[in-house]
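Following the hints, put chain B in place on chain A, whose structure we already have.
Chain residues, written in single-letter form:
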Amino acid sequence: MTTPDFDAWHLPGMSVDEVETLEAGDLVCRYPVPTAELLASTVGRLREAGRALAERPVASIVDVVDTVAQRLSDAGDPLYEEAERLVAAATGYSAAMTRLVLDRMTADWRADRLWELLEAELPDPTVLDGFRPVGEDRRARAYGPELAFHAFAGNVPGVAVSSLVRTLLVKTPSLGKLASRQPVLPVLFARAVHAVDAEVGRALAVTYWPGGSHASGWQVLEAADTVIVYGGDEAVAAYRERTPATTRLVVHGPRFSVGLIARQALAGDPTTVAREVAGAVAAFDQHGCVSPHAVWVEETQAVTAVDFAEALAAALADVEEALPRGRLSPGEASAIQQERATAELKGHAPGRSETRVLSGPGTRWTVIYDAEPAFHPSCLNRLVRVHPVGELDEVIGLLAPVGRLLQSVAVAGPDRLRVRLAHRLARIGATRVTTFPRLPWPRPDWHNDGREPVRELLHWVDIETG
Amino acid sequence: MSAPATGLRTELLQLFHDGADSPLPDAEFEAFALRVFARNFETVPAYRAYCVARGRTPATVDAWTGIPAVPTAAFKELPLRDQTADVERVFRTSGTTRGKQRRGEHHVVDLEVYRASLRATFEAFLLPDGVRPRVVSLMPPADVLSDSSLAFMITEVMTAFGAAGSHAFADAGGLDFTALETALAAVEEGPVLLLGTSAAFLHWLDRLEETGARFVLPAGSRLMDTGGFKGRGRRVEPASLRAAYGQRIGIPEWACVNEYGMTELLSQYYDDTLRRRLRAGSPAAEWRPEGEIAGRTRREMTDSMAADPGRAVGGVVRYKRGPGWLRSVAVDPETLDPLPAGTTGLLRHVDLANLYGVIAVQTEDLGHVDGRGLVVEGRAAGAPTRGCSIAMDLLLSEAP
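These protein sequence lines map, in sequence, to chains A and B.
Position one of the first sequence corresponds to residue 1 (this note's numbering), numbered consecutively onward.
Position one of the second sequence corresponds to residue 1 (this note's numbering), numbered consecutively onward.
Don't take each hint at face value.
[Claimed, not checked] Listed below are several chain B residues computed to face chain A (Cβ distance under 10 Å; list not exhaustive): (1) A46; (2) Y50; (3) R54; (4) T57; (5) K76; (6) P79; (7) L336; (8) E364; (9) D365.
Honestly, the hints are just simulated from the structure, not real lab data.
These numbers come from a predicted model, not from an experiment.
From the three backbone atoms N, C-alpha and C, an ideal C-beta is built for every residue, glycine too.
The shape of chain A in the complex, shown without the other chains (with noise of 0.2 Å):
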């Protein structure tokens, strides 16, 4: 039995008596076993802690938030030098690319971007702090949930910790279940907090238990009067399914992002935008909800898809060299050559269209060439298909039918093109339009599904006079 390397949970006050073990990519990890005793206790502090944090003031939250966030993002800090470490033993990440995501999800947790955020949201943030003037004889309030229960995924590290920071801001305590993937970053952040304030720290309580095992698991959710879920479609479901109908229920569910190039932005040249593609194709290797699967070329004679696959199949080349693909399970690499060999023999069958498979050394990268434009998933881990197309429009029926799922695309090509490619993709289902650049990272205020992540948490109370 190896030694565990890490202690999923932050339960402030608790002392857990009963763990078991989990496997997170190489780390092993304990777990308290969720007895009915220990979530009714740590709800029973999570409410008292809430009541304390429903009197500090905005701003000090934003500050204790920032504390942490820079000992995050400092390379220096032993914190970080941790996170690393842990981060990558969990995802099977490179080192660089450990780096890189800690880099940018870190930012988001400064000061500066959580202003911005709540000033996006709520013009006046201090309306979290007490009754602000609505209008000529009213003023308002913005009140937090009292207890939330957050559901991680385990696709990106950071979502997780973003969800916590949200309800921080709102004054809500917290009670998260870690995603089996990802149990660092939250655990991290939740005890960092509480070093640097400890009031504050006892609003946020993590762990992990498996999914559907332990009944106690489920009637923690009665405790929550919202309940935030992150996940694939049977996990919503099962969520949706056991939230009492009078809870607040946010659901982030399953997405993926494709993206389109214009014949305009290749100019003749396609190796600038397959530079641009490559580096959405490999954040996070492909496993975010806003990581590319397939993208749409409009042919010129000078410029044809195949030509920009080949530009691609350079630039993700190049990316490897700088950003190496994490380490992948035999199940993952498996996926990888199986579409790659099933992509060629289709292109051989008779009547079929033309397919052509370029890759990198073992599985690290693939472009699939498929002059079929339907779409087709992507296995992930830095495998994406470019398909032909005359005009970007045509797209647009192509991924009507799985526009519920559609979350980001990006457009290359004039900002006119864009603006009207927008409206267009929002009615089947997209709900941002960008530029491949842009694509991996959000700005903190986006509206992520189409919803405004803070605002949807908060209730407002009115006083009237006169």
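The following block gives chain B in isolation, referenced to the frame of chain A:
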């Protein structure tokens, strides 16, 4: 018959009719494999182009491990078969529980080749003592599930080896537990051979546990199960399943034989336990799974683990063997290069019976191969895709 009557076909059928007991010498297997490869190359256009693109053609390949393998996923996309011949039957994979995902298809040109291969092998591994048992199937017969290669196999086994009273206790509507249990309760003599998927057996065992029923089948009774636990049903370790077979149905652990096959292949692997035991000479009285048998089971477990520590699958290592005309190699997931004997990798199978299809199939199953046979360690794919990024099967079931 629609299949071209080539000399190669005749030789292969002769090979199958000679039985699956003895291994084929390396040189003979390789010679056959290269001839089958050459035929596949000539007659399956997409495969030909695939081989040419890789520079691995009959002119350049001289080892069976060098024959280009077709991924199982490709069987969902195009028919990989001899385009000069007609198709006798199309077998389809059982697919996912999500419904719309496309199923893999094996377009079989010549069912006689399948029959000959499966009969010879089944006989060697399940009936080496020459018995003709009453066959009890938990799977619907082939005329009900016409696109299932497993249903075809079971129906063939019933026809070829089944004594009077052989019957399938399932149809399109599902398993008829009552009829099955009534029939088993009424069995007085003669061995029974139970056949079905592990999932179906588990379903039945769960029911037996609820009702508390037990069966004690006559000495010589045996069981064959197959398949993983596809979809969202419960999964149980093979050793636990075998223990349940012993407790509830009275079949000793070594007489529970797991079959490993797939729609894309016409030949199969089996657990070697029953064949080895009966070769060593096991009197009928020793078929009872209690007391001494339990002790023997523990010793078997100890022996296996001593032979190959650290490779436990469900606590016990079970080697599978197949007919001489089926060989496998584990390959590196990153490079697809064949790995040394005993190293775990993705399993690639080379099946001489795929004369009218593609001889080499690359699976997503993890396992290792050495002198003792094949150990299947589980499915490599199905590692859950991470978190809220899209699950492949979800998107596939939505995509047009």
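Would you pick out the hints that fail for this structure and give their numbers low to high?
-> 4
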